[in-house]
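Please build the complete structure, drawing on both the sequences and the hints.
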Amino acid sequence: MSKEQVEEFMQSFKLFDKNSDGIVNIAELETILRSLGQTPSKEELATMIKDVDTEGKGEISGDQFLVMMATKMQETIDPIEACFGAFDKNKDRRIDATELQAVMESLGEKLTLEEIKVMIRALAAPGEDHVTFDTFAKLAKSQQKI
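Note that the sequence shown covers residues 976 to 1121 in the numbering used here.
Don't read these hints as lab results, they were simulated from the structure.
We put the CB at the ideal spot given by N, CA and C, even for glycine.
A portion of the hints provided could be inaccurate.
Unchecked claim - Simulated restraints, written as ranges between beta carbons of each label pair: (1) Gln1118 / Leu1020: 19 to 27 angstroms; (2) Val981 / Ser1016: 24 to 32 angstroms; (3) Asp1067 / Ala1115: 12 to 20 angstroms; (4) Val1093 / Leu1020: 25 to 33 angstroms; (5) Lys1032 / Asp1104: 46 to 54 angstroms; (6) Gly1033 / Val1078: 40 to 48 angstroms; (7) Lys1064 / Ser1010: 36 to 44 angstroms.
To be verified - With a straight-line cut-off of 20 angstroms between C-alpha atoms, the simulated EDC-like cross-links for lysine to aspartate or glutamate are: (8) Lys1047 / Glu1003; (9) Lys1047 / Glu1005; (10) Lys993 / Glu1003; (11) Lys1064 / Glu1080; (12) Lys1113 / Glu1103.
Written out as structure tokens, the structure reads:
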């Protein structure tokens, strides 16, 4: 989890910790998660709290909230990593033009290497000729929100 994500999560936690005691209950947790763009069911909320609530009080601290969010993020990344692995044939954590071309051909898309390079440049960080896992994951997560 990045420093920025920790700060965003803790800012939301503190904002919705109504009595500023460093603890949130299930209703406050629901509000926090909705502010972060998530829509868990009551059952999911209860499970999330139970998974990190070491004292069994039905509430969590800021530190427990961060553990919960890190776990939730990992669950989100796993399918993305599996998808990335289908493209990353040589397992170097990068997708280059030849790897993308092979995947596109397996899907019945006949694109020239130059067309593939244009696609890579559109997705890659400036000046790079490949897409890293981090870039791929950010793109995939942004598409999940749509």
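Taking the hints in turn, this is what the structure says about them:
The supplied range of 19 to 27 angstroms is met by Gln1118 and Leu1020, whose beta-carbon atoms lie about 25 angstroms from each other. Hint check: Val981 to Ser1016, Cβ distance near 26 angstroms, so the stated range 24 to 32 angstroms holds. One distance hint, 12 to 20 angstroms for the beta-carbon pair Asp1067 and Ala1115, holds here, with the actual separation near 19 angstroms. At about 44 angstroms, the CB distance of Val1093 to Leu1020 disagrees with the hint of 25 to 33 angstroms.
Checked against the given bound of 46 to 54 angstroms, the beta carbons of Lys1032 and Asp1104, roughly 53 angstroms apart, stay inside it. Taking 40 to 48 angstroms as the suggested C-beta distance range, the pair Gly1033 and Val1078 conforms, at roughly 47 angstroms. Between Lys1064 and Ser1010, the C-beta spacing of about 40 angstroms keeps the proposed range 36 to 44 angstroms intact. Distance restraint check for Lys1047 and Glu1003: the Cα-Cα separation of roughly 17 angstroms lies within the 20 angstroms cut-off, and the hinted pair is therefore satisfied.
With a C-alpha separation of about 14 angstroms, the suggested pair Lys1047 and Glu1005 falls inside the 20 angstroms cut-off, and the hint holds. Pair hint Lys993 plus Glu1003 holds up; C-alpha atoms about 8 angstroms apart against a cutoff of 20 angstroms. The hinted pair formed by Lys1064 and Glu1080 meets the criterion: a straight-line CA distance of about 14 angstroms does not exceed 20 angstroms. Of the supplied pair hints, the one linking Lys1113 and Glu1103 holds, its CA atoms being roughly 16 angstroms apart against a limit of 20 angstroms.
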